[in-house]
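Quick mapping for you: the protein sequence lines, in order, are chains F and G.
Quick note on numbering: this note's numbering labels position 66 of the first sequence as 66, and the sequence is numbered without any gaps.
Quick note on numbering: this note's numbering labels position 119 of the second sequence as 119, and the sequence is numbered without any gaps.
Worth flagging that the hints you see were computed from the coordinates, not collected in a lab.
Please note that the accuracy of each hint is not assured.
To be verified - Calculated cross-link-like contacts (lysine to any residue; reagent style SDA-like; alpha-carbon spacing at most 20 angstroms):
| no. | chain 1 | residue 1 | chain 2 | residue 2 |
| --- | --- | --- | --- | --- |
| 1 | F | Lys-160 | G | Lys-70 |
| 2 | F | Lys-95 | F | Asp-54 |
| 3 | G | Lys-41 | F | Ala-133 |
| 4 | G | Lys-70 | G | Cys-3 |
| 5 | F | Lys-21 | G | Arg-66 |
| 6 | G | Lys-70 | F | Glu-73 |
| 7 | F | Lys-174 | G | Leu-68 |
| 8 | G | Lys-41 | F | Ile-61 |
| 9 | G | Lys-70 | F | Arg-65 |
| 10 | G | Lys-41 | F | Lys-95 |
| 11 | F | Lys-174 | G | Glu-11 |
| 12 | F | Lys-136 | G | Thr-154 |
| 13 | F | Lys-174 | G | Lys-70 |
| 14 | F | Lys-33 | G | Leu-13 |
| 15 | F | Lys-21 | G | Pro-57 |
| 16 | F | Lys-33 | G | Pro-57 |
| 17 | F | Lys-94 | F | Ala-133 |
| 18 | F | Lys-94 | F | Ser-77 |
This structure is a prediction, so every number in the text was calculated from the model and none was measured.
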Amino acid sequence: MNSSADVTETREAEAIEEAKKGSAEAFEYLYNKHKRRVYSLCLRMTGNTAEAEDLTQEAFIQLFRKIGSFRGESAFSTWLHRLAVNLVLMRLRKKTLLTTPMEEAPGQSPGDSRVKEYGAQDLNLVGTVDRVALDKAIQALPAGYRIIFHLHDVEGYEHKEIAGMIGCSVGNSKSQLHKARMKLRELLLAKAAPARGKEL
Amino acid sequence: MNCNELERELEELEEYSNFSPAIESHLRLCSTCSELVEDLKYIRRQALQLSPVEQPPEWVWQGIRRRLEKDGVIAEAVGRRFFSPSSALGWFSRLGMGFAYAAVFLVALGVVYVYSILSPRIPDPPAIAIAPPNPPFAQLLEQVPPEKRDTYVTNLNQVESSIQQLNTFLAAHPEDPFARQALFDTYQQKSRLWEAMVRSQEF
Numbered sequence: 001m002n003s004s005a006d007v008t009e010t011r012e013a014e015a016i017e018e019a020k021k022g023s024a025e026a027f028e029y030l031y032n033k034h035k036r037r038v039y040s041l042c043l044r045m046t047g048n049t050a051e052a053e054d055l056t057q058e059a060f061i062q063l064f065r066k067i068g069s070f071r072g073e074s075a076f077s078t079w080l081h082r083l084a085v086n087l088v089l090m091r092l093r094k095k096t097l098l099t100t101p102m103e104e105a106p107g108q109s110p111g112d113s114r115v116k117e118y119g120a121q122d123l124n125l126v127g128t129v130d131r132v133a134l135d136k137a138i139q140a141l142p143a144g145y146r147i148i149f150h151l152h153d154v155e156g157y158e159h160k161e162i163a164g165m166i167g168c169s170v171g172n173s174k175s176q177l178h179k180a181r182m183k184l185r186e187l188l189l190a191k192a193a194p195a196r197g198k199e200l
Numbered sequence: 001m002n003c004n005e006l007e008r009e010l011e012e013l014e015e016y017s018n019f020s021p022a023i024e025s026h027l028r029l030c031s032t033c034s035e036l037v038e039d040l041k042y043i044r045r046q047a048l049q050l051s052p053v054e055q056p057p058e059w060v061w062q063g064i065r066r067r068l069e070k071d072g073v074i075a076e077a078v079g080r081r082f083f084s085p086s087s088a089l090g091w092f093s094r095l096g097m098g099f100a101y102a103a104v105f106l107v108a109l110g111v112v113y114v115y116s117i118l119s120p121r122i123p124d125p126p127a128i129a130i131a132p133p134n135p136p137f138a139q140l141l142e143q144v145p146p147e148k149r150d151t152y153v154t155n156l157n158q159v160e161s162s163i164q165q166l167n168t169f170l171a172a173h174p175e176d177p178f179a180r181q182a183l184f185d186t187y188q189q190k191s192r193l194w195e196a197m198v199r200s201q202e203f
């Protein structure tokens, strides 16, 4: 039974129709419904508050300008989401963060990326990391890693889609995702290690 | 399979499940790789549960609305009230407006009270023109009988405060027609207060 979900969907459908006619209240309703997700996406992908605010504004302006052409073939949130992702990528491309999309973290090469500097007893993260810590670690990733990690692991895009959006191969996308996860593990273990030292 | 080979295999995997027999075998024998895979699974699970937690500041919506109005995307029809304000956050942005409306109402009550005090003793006043733009309230207050002065001071302060709040609100929301009307009404209240004070003087 999804009656409350149905009601929400109906309200959104009505809001979209009213927004097509230029209703300010309908625009505001749609904005309030989706602003948090769009802003979080922009913030996590850019790592910069001012950029995220600017991109959020731009995403909604573009969306509302084009709302007349929305036919409902996909979910409205999907449409908005893709628009926001494309805007972020265009902005990052302009800043050349994506021209060398798959920058290697210095000193890393395949095979060396597993944590060699930690003792066996320090290797396990399970239960030690909360989502706030994960969020902070994601922000600390290099831009290329961060984008792919966010698109795949947080937003749920597939490698084929990511490759198309960023302009790389599927293999490249997979490789960079793996490196992003390894780098995250390294960052999270480094954060967890001092706490473990105190326990011992 | 050695550890480097395992890591190359891991690159191809999106989910860390349904491993090949070779991987399973290596994981059984190598605690380092086993810990690594557990950590990567954990990170994956946590990432999937990352929910949107941030909210953009209010000015983002103000900017969007201004651009849409400027582009003519938002229709001019002020009366098009599709939604009762169901969004709590929509109400919060209008809370200041609500206080201003309440203040105007209270001032109106005060002026009615003043009229009710004065009307039995004062004959029908002659038609008085709208109060001058900057009536010298302070000078006039000095001429009001002391027993009535506090009431006028209180009402005048409330009116001035409402005017100030409404002007501040309109600076941020210039398109709000209700605020404009409320401001006009408040100036009307101020004029009537002036009239009441004039009538209360015993020339």
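Taking the hints in turn, this is what the structure says about them:
no.	hint	verdict
1	Lys-160(F) / Lys-70(G)	39 angstroms, violated
2	Lys-95(F) / Asp-54(F)	15 angstroms, holds
3	Lys-41(G) / Ala-133(F)	16 angstroms, holds
4	Lys-70(G) / Cys-3(G)	61 angstroms, violated
5	Lys-21(F) / Arg-66(G)	17 angstroms, holds
6	Lys-70(G) / Glu-73(F)	29 angstroms, violated
7	Lys-174(F) / Leu-68(G)	40 angstroms, violated
8	Lys-41(G) / Ile-61(F)	38 angstroms, violated
9	Lys-70(G) / Arg-65(F)	12 angstroms, holds
10	Lys-41(G) / Lys-95(F)	33 angstroms, violated
11	Lys-174(F) / Glu-11(G)	6 angstroms, holds
12	Lys-136(F) / Thr-154(G)	54 angstroms, violated
13	Lys-174(F) / Lys-70(G)	44 angstroms, violated
14	Lys-33(F) / Leu-13(G)	35 angstroms, violated
15	Lys-21(F) / Pro-57(G)	27 angstroms, violated
16	Lys-33(F) / Pro-57(G)	14 angstroms, holds
17	Lys-94(F) / Ala-133(F)	30 angstroms, violated
18	Lys-94(F) / Ser-77(F)	26 angstroms, violated
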